[in-house]
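Engineer: Model the placement of chain B on the given structure of chain A, informed by the hints.
There are 2 protein chains.
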Amino acid sequence: MILSALLTSVGINLGLCFLFFTLYSVLRKQPGNADVYAPRLVAEGKLEPRINFNLERLLPSAGWVSSSWHPTEEELLSRAGLDGVVFMRVIIFSLKVFAFAGVVGLCALLPINFMGNQIVIDFSDFTNKSLESFSISNVNDGSKKLWVHFGAVYAFTAFVCYLLYLEYRYISLKRLAYYYSSEPKPDQFTVLVRGIPKSSAESLSANVEKFFSEYYPSLYLSHYMVYHTTKIQKLISEADKVSRRLAYLKSTQKTSQRYGRVGFLGLFRPKIDLVEYYEKKLEELEDNARTQQSLLSGKEVPAAFVSFKSRLGAAVVLHVQQGENPTEWLTERAPQPEDVYWPFFSASFISRWIGNVMVIFACVILTILFFIPVIIVQGLTNLDQLETWFPFLKGILNIAFISQVITGYLPSLILKMFLYLVPPVMIMLSSIQGYVANSQIEKSACNKMLWFTIWNIFFANVLSGSVLYRVNIFLEPKEVPNILAVAVPGQATFFVTYVVTNGWTSTASELLRLMPLVSNFVGRIFFTKADEKFELPSLPYSSEIPSILLFGLLGITYFFLSPLILPFLLVYYCLAYIIYRHQLLNVYSPKFETGGTFWPIVHNSMVFSLILMHMIAVGIFGLKKLPLASSLTIPLPIITLLFNSYCRKRFLPVFKGYPAECMIKKDRSNESMSDFHERLATAYQDPALKPIHFSRRTDSHNAPLLASET
Amino acid sequence: MILSALLTSVGINLGLCFLFFTLYSVLRKQPGNADVYAPRLVAEGKLEPRINFNLERLLPSAGWVSSSWHPTEEELLSRAGLDGVVFMRVIIFSLKVFAFAGVVGLCALLPINFMGNQIVIDFSDFTNKSLESFSISNVNDGSKKLWVHFGAVYAFTAFVCYLLYLEYRYISLKRLAYYYSSEPKPDQFTVLVRGIPKSSAESLSANVEKFFSEYYPSLYLSHYMVYHTTKIQKLISEADKVSRRLAYLKSTQKTSQRYGRVGFLGLFRPKIDLVEYYEKKLEELEDNARTQQSLLSGKEVPAAFVSFKSRLGAAVVLHVQQGENPTEWLTERAPQPEDVYWPFFSASFISRWIGNVMVIFACVILTILFFIPVIIVQGLTNLDQLETWFPFLKGILNIAFISQVITGYLPSLILKMFLYLVPPVMIMLSSIQGYVANSQIEKSACNKMLWFTIWNIFFANVLSGSVLYRVNIFLEPKEVPNILAVAVPGQATFFVTYVVTNGWTSTASELLRLMPLVSNFVGRIFFTKADEKFELPSLPYSSEIPSILLFGLLGITYFFLSPLILPFLLVYYCLAYIIYRHQLLNVYSPKFETGGTFWPIVHNSMVFSLILMHMIAVGIFGLKKLPLASSLTIPLPIITLLFNSYCRKRFLPVFKGYPAECMIKKDRSNESMSDFHERLATAYQDPALKPIHFSRRTDSHNAPLLASET
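Protein chains in written order, with the numbering used here: chain A, 409 to 1118; chain B, 409 to 1118.
Chain A extracted, bound-state conformation (with noise of 0.2 Å):
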């Protein structure tokens, strides 16, 4: 690609997040808006009503900036939780490493690779100028000048080992100090107990509560049986739905829609008075629901919560085996109660293990569909070759022009539109894997986003771009470094234009959030108010985290490659900075509180990232003949692994536990525990077996929710 292309696309780009940032800042003003762009100062009713007309309201400022910027890491935490916190380390990490790489990058290599002379360009004119002159494809084979790029692969390595390690110390720090300077939650007292045997003369729960009482006497505190509520979750989202229909109904004025058919054969039934029939219909799925939950005993799950009157106790339940038997009395963490994956554990153990195959197969059927846009991007790239195929659009392509869209715009474009579907996919597949929580299905569903994504964008661009896209070249564990060192190069191109792309103009469509912005000016103008759930959103870590990953390997392989690609992420990470940050403060809420555990995840990619980049660095100073420096990269991915697994042994253990030491000092400090007992107790509860009662009145923008305080 030449440079006129990628600056076509940079430039578009910049027109877009220009526009999206000026419509942000006026949309944001109108209060109909409000719902979608400060959703929770609205739920916690700290928006100001601004109903009076001004001139002001049409005018875009950047207000919003400031504000975004000023609060510190405490407030943060306060509002975002841990895991917001760890969302914005991530970025700052990324743009601490990416700063030093750009200085290095742009000051020392960047030169030197232009100084070359193994690409024989036209110097005559500079914006056709093929880009690859600034690559390391451009310093002549041999060169004492590719010392300098293997000195930036040492520092380099050193420099982001250093600050993964500073950044995990960190994060394990705030981690516990986030556990020292909580309220008593209940999934700290608590264990989920599974695999509860069965007795033929006493129910499960009863078999429980003897267990508990007898062994642990002086710990155990109540325990919250599971049961099947599959039959009572239908009726009551049926009845959830007559509910809605029947507040909407009785808001609207017009009595022609209070009379209407009803049924399947509605066509051939008489009128009748919609409003009754609903109220009817409601009632009798109420009741319904109510006869089923009283008819549970027999439908117990063998799966229970346990809570227990200290920390401790309910570590020591944790981590010891219980049983004599070690498939009976299988204990792990509790979920926080709002966190619980109820439906999880209706499904019965073979629908699960059927669930967890057919994962597999998705996941392996979803890597190869993907190819296929990831083929067409690639032949959009190679202009040529679509004039063989389409021989009618060669009038058009040879405007330079849409050419120039057509290389640099379009191919990202596509491949971003089809991104968009795979984190949905990615979240239904782990939450039919069989876990517990929310939280548990969104990482693994982050986890699992993360290799596609990684396998998906930048392999397989990468290898269809130059040699096929063979799997079987990672049989032959000695030709790996050569393979890539001959694609991954030629692909720069190709990524600094995705970087403009998905990062720029992706991270500026965040703010401006324009699905819930359509969505919401249709329900605006078609369905009333009432006929919609408010939800609060949360930040989709599963798909936010692996794209912001995506760009940190992007930016670890290409440092000593070609490192223009430096500063179009560096505007992405600063862009990502302030944008993420305010969405953070303002618009989502989180959902649930993992306590940090997001980093490990982003660790493990950061490693394997420079891993993959000293792969490409032994093969490009072998093909570049400079064998000495080759073989002397050979230690660094060892050291680096070295490196992580110290990390592991230093760190991960907090990650999945707190320590004795925390829970003692936690336990002993002093808080009201009596009060605090007695709401552990009723903590955790399916919500299908809380009391059932439809609000059946209409004035109210909540009416529809369930309400339990009958």
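Certain hints may be false.
Identical chains share a label here; the pair holds if one copy fits it or two copies do between them.
What the hints assert, rightly or not - In silico lysine-lysine, DSS-like type, Cα no more than 25 Å apart, as pairs: (1) K1033 with K606; (2) K606 with K1073; (3) K618 with K824; (4) K639 with K707; (5) K688 with K658; (6) K717 with K1074; (7) K1057 with K639; (8) K999 with K593; (9) K689 with K618; (10) K582 with K606; (11) K1057 with K606; (12) K689 with K642.
Hint data in this document are derived by calculation from the structure and do not stem from the laboratory.
Structural biologist: Chain B alone, transformed into the frame defined by chain A:
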């Protein structure tokens, strides 16, 4: 190989066995050999002195067989510990497996093999008939009779898995029962704590005291700090030698020995009174060691044995991460006091790390070096090649008997000689790897030895005999079944002779205890008793279990290929049953008790053997042009692996620790704990730090042992 060579080998070994049995039954009656053949009874003082000479002493008898047959498993448990029982269960398990295999193999498979005519042979001379005609190679290609083999593979796998399940359950129940019935033991209440953090103000010992009495005030009992004692150990072992020498000098009557020259240049020094000299030297060494003992405070190792008041207390500390920094306050299961491998603690972290790396290299080098004897052995089985290499041997080799001895007996004998050298090397390697207990070293050496044996005896012989010794075939997983199917049946006869030589004769020589017998004999004639330490021998699990398991592997893989091996194996297991039982009751005394944790190694090895058999079956059915049977065998290894993973979940956790249920029940049983707690406080003590006092008497058998009563 032809039948007559096999018969020669069987004949030689049968003769040897009978010779050994006869010798044993005579020698055991000689009072001078009591230390060799009944050291346990001697140590326990149960052996009646039999000084009167009578003719019966010179006649062979078989009374020992019935006396070792009669005791029940409970008696065996009380005398040999659970490890001894598990060891016997391995043999019983193998007997059951190969009794079933023998019935199926000899009644169904052998006739089918023999009736085939794939291999053209001369029927006129039965003794010269190739043994190949009894193997699956003789069945005609594509014959429907191969479905019998197919069915046998399925039935055998099902039978073995069923037995494995029963046995795993039996032993895990035994283990729990053993725990329930055991006296309170120090290791149940103690945890080894490592990584004790240094503080400038206090010693490590004070640090331990503070930490555990602060966080576990109601559970903490006492602790024993570990010190660097390399110097003291050296002084004590030197003093030990001097004291032995002294005792010997005092016991001899010859005055000529009392005077002599000492030192490196002794020849030029005047003669002195040696008794006086050594007494002086011993005193010096003792004083020196005592001074060193009093100077220990600065030589603390950051490790301590911390004892708790209850078993559950120790388990809590063991399983829950203690310190905020996961590299500090590391806890691990404490070994029994007599099982602790003290030298380990004096080794620095770096020396242990280097040791670990060295062990990996040493294992690789040993494996490569061991290939030399394997090549020699395989050369001997191909006589023609030997003749071309050494033409002068032609005359000798043409004598029928000699050539039969060379092909039938010599190869296994040579292999056996080399194999004798390996177990001590493996134990030495394991001991520098950083295990804290002798039992852990033994278990690790057992694992190393097992894989070494399987690789170097089974695979090296199989692959060098037909294809070249190529490690890289395992890089093409699809080819493995075919290569094995070609190579394995060809080595059937070699392994039959291997069973006869290494199985029968080795086991019989185990009864005779040739090496201890000779050293005892030499010792009695040339040295006085006092010059030697009398140590009770213990069963060398690390060399015996792998050899039993190798025969299991041979039996399982050759069961359907060449059922002729099965009767030989059955004889071997019968011999092993009676001989090892006898040795466990009379000779070996358990040095440690692992609670049956050798069983998981046995289980894994059996599952591996089954899967190896399945792979060979897949290959063989393919070669024999029965592709349907080949494909239908593929689910078998998958089912076996699923079975294995179930067993791992169901039983393995019990072998890694004890469940809370057991510990709490045991803690509550009425035991007089105050006495035990007192003993517990002094249970762990570095032998180098015990009070030093060397006896100067000459009359006692145990004279030079450390006197710990002072």
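Engineer: Hint by hint, note whether the structure agrees.
Structural biologist: Hint check results:
For the homomeric pair K1033 and K606, neither the shortest alpha-carbon distance inside one copy (70 Å) nor that between copies (51 Å) is at most 25 Å. With identical chains, the CA atoms of K606 and K1073 are at most 25 Å apart between copies only, with a shortest distance of 21 Å across copies and 38 Å within one. Proximity of K618 and K824 under a CA criterion of 25 Å is satisfied in neither setting, with 56 Å inside one chain copy and 59 Å between copies. For the homomeric pair K639 and K707, the shortest alpha-carbon distance inside one copy (11 Å) is at most 25 Å, but the shortest distance between copies (69 Å) is not.
Taking the closest pair of Cα atoms, K688 and K658 come within 25 Å of each other only inside a single copy of the chain (14 Å); across copies the shortest separation is 112 Å, beyond that limit. Taking CA atoms no more than 25 Å apart as the test, K717 paired with K1074 passes in both settings, with 12 Å inside one copy and 24 Å between copies. For the identical chains of this complex, K1057 and K639 are neighbours neither inside a copy (46 Å) nor across copies (33 Å), given an alpha-carbon limit of 25 Å. Taking the shortest Cα distances, K999 and K593 sit within 25 Å of each other inside one copy (15 Å), while across copies they are farther apart (50 Å).
Taking the shortest Cα distances, K689 and K618 never come within 25 Å of each other, neither inside one copy (43 Å) nor across copies (68 Å). Proximity of K582 and K606 under a CA criterion of 25 Å is satisfied inter-copy only: 24 Å between copies versus 43 Å inside one chain copy. Within a single copy, K1057 and K606 get their C-alpha atoms only as close as 39 Å, which misses the 25 Å cut-off; across copies the closest is 19 Å, which meets it. When the C-alpha separation of K689 and K642 is checked against a cutoff of 25 Å, the pair qualifies only within one copy, where the shortest distance is 14 Å, while the shortest distance between copies is 91 Å.
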